[in-house]
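Here are the chains, one letter per residue:
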Amino acid sequence: MKILVCISKTPDTTAKIAFTDNNTKFATDGIQWIINPYDEWYALVRAIELKEADAGVTIHLVNVGTAESEPIIRKALALGGDAAFRVNTLEEDSYFVAAQIAAIAREGAYDIVFTGKETIDYNGSSIGGMVAELLDLPYISHAVKFDLSGNTATVVREIEGGEETDQVSLPIVVSCQKGMAEQRIPNMKGIMGARTKPLTVSEPVTADILTRVASFDLPPAKAGVKLVSAEHPEELIRLLHEEAKAI
Amino acid sequence: MNLVFIDQAEGHIKKASFEAASYAAQTAALMGTTAEAIVLGTVSDDLTALGRYGITKVHTVADANLNEFDAQVYTQLIAEAVKATGADVLVFANTTTAKAVAPRLSVKLKAGLVSGAVALPDISNGFTVKKSVFSGKAFANIAVTTAIRIIAVNLNAFTIQEVEGSATVVPFTVQPISSKVKVSGVDKITGEVPLGEADIVVSGGRGLKGPENWGLVTELAGLLNAATACSRPVADIHWRPHHEHVGQTGLAIAPNLYIAIGISGAIQHLAGVNRSKTIVVINKDPEAPFFKAADYGIVGDAFEVVPKMIDAVKKMKGIA
Numbered sequence: 417m418k419i420l421v422c423i424s425k426t427p428d429t430t431a432k433i434a435f436t437d438n439n440t441k442f443a444t445d446g447i448q449w450i451i452n453p454y455d456e457w458y459a460l461v462r463a464i465e466l467k468e469a470d471a472g473v474t475i476h477l478v479n480v481g482t483a484e485s486e487p488i489i490r491k492a493l494a495l496g497g498d499a500a501f502r503v504n505t506l507e508e509d510s511y512f513v514a515a516q517i518a519a520i521a522r523e524g525a526y527d528i529v530f531t532g533k534e535t536i537d538y539n540g541s542s543i544g545g546m547v548a549e550l551l552d553l554p555y556i557s558h559a560v561k562f563d564l565s566g567n568t569a570t571v572v573r574e575i576e577g578g579e580e581t582d583q584v585s586l587p588i589v590v591s592c593q594k595g596m597a598e599q600r601i602p603n604m605k606g607i608m609g610a611r612t613k614p615l616t617v618s619e620p621v622t623a624d625i626l627t628r629v630a631s632f633d634l635p636p637a638k639a640g641v642k643l644v645s646a647e648h649p650e651e652l653i654r655l656l657h658e659e660a661k662a663i
Numbered sequence: 083m084n085l086v087f088i089d090q091a092e093g094h095i096k097k098a099s100f101e102a103a104s105y106a107a108q109t110a111a112l113m114g115t116t117a118e119a120i121v122l123g124t125v126s127d128d129l130t131a132l133g134r135y136g137i138t139k140v141h142t143v144a145d146a147n148l149n150e151f152d153a154q155v156y157t158q159l160i161a162e163a164v165k166a167t168g169a170d171v172l173v174f175a176n177t178t179t180a181k182a183v184a185p186r187l188s189v190k191l192k193a194g195l196v197s198g199a200v201a202l203p204d205i206s207n208g209f210t211v212k213k214s215v216f217s218g219k220a221f222a223n224i225a226v227t228t229a230i231r232i233i234a235v236n237l238n239a240f241t242i243q244e245v246e247g248s249a250t251v252v253p254f255t256v257q258p259i260s261s262k263v264k265v266s267g268v269d270k271i272t273g274e275v276p277l278g279e280a281d282i283v284v285s286g287g288r289g290l291k292g293p294e295n296w297g298l299v300t301e302l303a304g305l306l307n308a309a310t311a312c313s314r315p316v317a318d319i320h321w322r323p324h325h326e327h328v329g330q331t332g333l334a335i336a337p338n339l340y341i342a343i344g345i346s347g348a349i350q351h352l353a354g355v356n357r358s359k360t361i362v363v364i365n366k367d368p369e370a371p372f373f374k375a376a377d378y379g380i381v382g383d384a385f386e387v388v389p390k391m392i393d394a395v396k397k398m399k400g401i402a
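Protein sequence lines correspond, in order, to chains A and B.
Okay, so the first sequence: first residue is 417 according to our numbering, each after it adds one.
Okay, so the second sequence: first residue is 83 according to our numbering, each after it adds one.
No wet-lab data here; the hints were simulated from the structure.
All values reported here derive from a predicted model rather than from experimental measurement.
Treat the hints with care, as some may be off.
[Said to hold, decoys possible] Here are the simulated DSSO-like pairs of lysine-lysine, each with C-alpha atoms no more than 30 Å apart in a straight line: (1) A:661 with B:165; (2) A:613 with A:467; (3) B:359 with A:638.
[What the hints assert, rightly or not] Now the stretches of chain B that chain A is said to cover, found in silico as 3 or more residues with beta-carbon under 8 Å: (4) 114-124; (5) 282-293; (6) 331-343; (7) 372-383.
Backbone N, C-alpha and C define an ideal beta-carbon position, used for all residues, glycine too.
Given the sequences, and given the hints that come with them, work out the whole structure.
What follows is the structure, encoded as structure tokens:
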């Protein structure tokens, strides 16, 4: 059983979001980079749990990015990946990135490709679906539970106002979110071992770029909070009814 | 021509799809063309009523097999509809269906995808769509350079314009496709307003001190016909179910009104809720960062303030 986990590098969740070059580039000064939380906490940890349950499972990681991604790849190896691939390129757009991942996935003939449900920077929710289409595989998105029985996966996915349970034969692409697994901290043995695990760097395959970021905007600042006395919460209800027309 | 995918569940059109329909129609007006719709599965709602959102024609594949969702099958059928109608803009509501299907269609049609759009396209110089990025902390203007463009519109990000009109409903004939996904069960949370679709959300944090105090949140929510939500720590310590967690790593929501009780407003929480139109914060700490992002606030003890709010709402609604 071979699992490919896609990991993306994103700014830390507390990062200050600002832009440079006339609002065309994200200001990376002082930014701490992390593994995209959905990729790490849910996709990778669920893969590790499957490996813990079955020693025949191999976990490979793939990242599309420059050498700046190496610390987060090493962390993912420390958590429990067996080997990693880095496609040495800028992340041009979702389609371009998906094409790189699909090329690696095709080569390795994986049974399962796991991604996070989205990255916390671009919020595209696109890579899993694109990889699935490029590989002509079934795709279950926003999975909250994933179990295997032989060659059949039982996947619970989020739908509007509830959950749906699906049965699918492998191979399959799944995007993962909260519920799949719990966040883990790498231990010292993992960190030491990660240094010598194979990390293969390859050059990108040719792929189209379908979109580009023209510019960024920050949301307009709030006018400021209107405070109501704690003695008179009924005044707040009146304001919400008459002024904000929200209730 | 613009084509909008109308998402349905149990025979009813999802609310978000009306916004998508209006978005498609208004985009079509900008481009000097018309907007049509595609519906998959058997729908009991009156589809001619999509005319009120500016849709001229509705293509339907009324096959009950399509009531069970499979991203591969939907992709194939929607791609055929795009080709048959010659659509060059394809619009989705950014629901879980769109998130599974739109990326596949982007590949299949070699069409640039903007997911999480929050405004109509700017067509003055190319085709640029504003989308939410950095989990609501910023926007990116995405230039789409392909002949066909796909846009998935965020819920509550865009105002519906109702018009006079009635849509023509025509069957769309396709070859049946077999599904590789077997749906073995659907579990809907009943008796609650779905969080992602709610106009009003009442949310609680650690300031409420324990799950036994959630009656305050649920009573206020019940009176306002609101959904209930919570902060991440509250979900992590299992005071509330995970599906109620809003924030950067939970659900991102944009209701008309968000009432936060006993939530300090860490940057990760704000990321999931800062697109809400009106934000109300109840917190006993005047230094809570949430007040900086709020429109209205009360500095006070939730256990004293919220019961008085509940009484005031009852009075307003003539219940007390």
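To see whether the hints hold, each was checked on the structure:
{"no.": "1", "hint": "A:661 with B:165", "in the structure": "44 Å, violated"}
{"no.": "2", "hint": "A:613 with A:467", "in the structure": "17 Å, holds"}
{"no.": "3", "hint": "B:359 with A:638", "in the structure": "11 Å, holds"}
{"no.": "4", "hint": "114-124", "in the structure": "violated (count 0)"}
{"no.": "5", "hint": "282-293", "in the structure": "violated (count 1)"}
{"no.": "6", "hint": "331-343", "in the structure": "holds (count 5)"}
{"no.": "7", "hint": "372-383", "in the structure": "holds (count 11)"}
Checked against the numbered hints above, the structure breaks hints 1, 4 and 5 and satisfies the rest.
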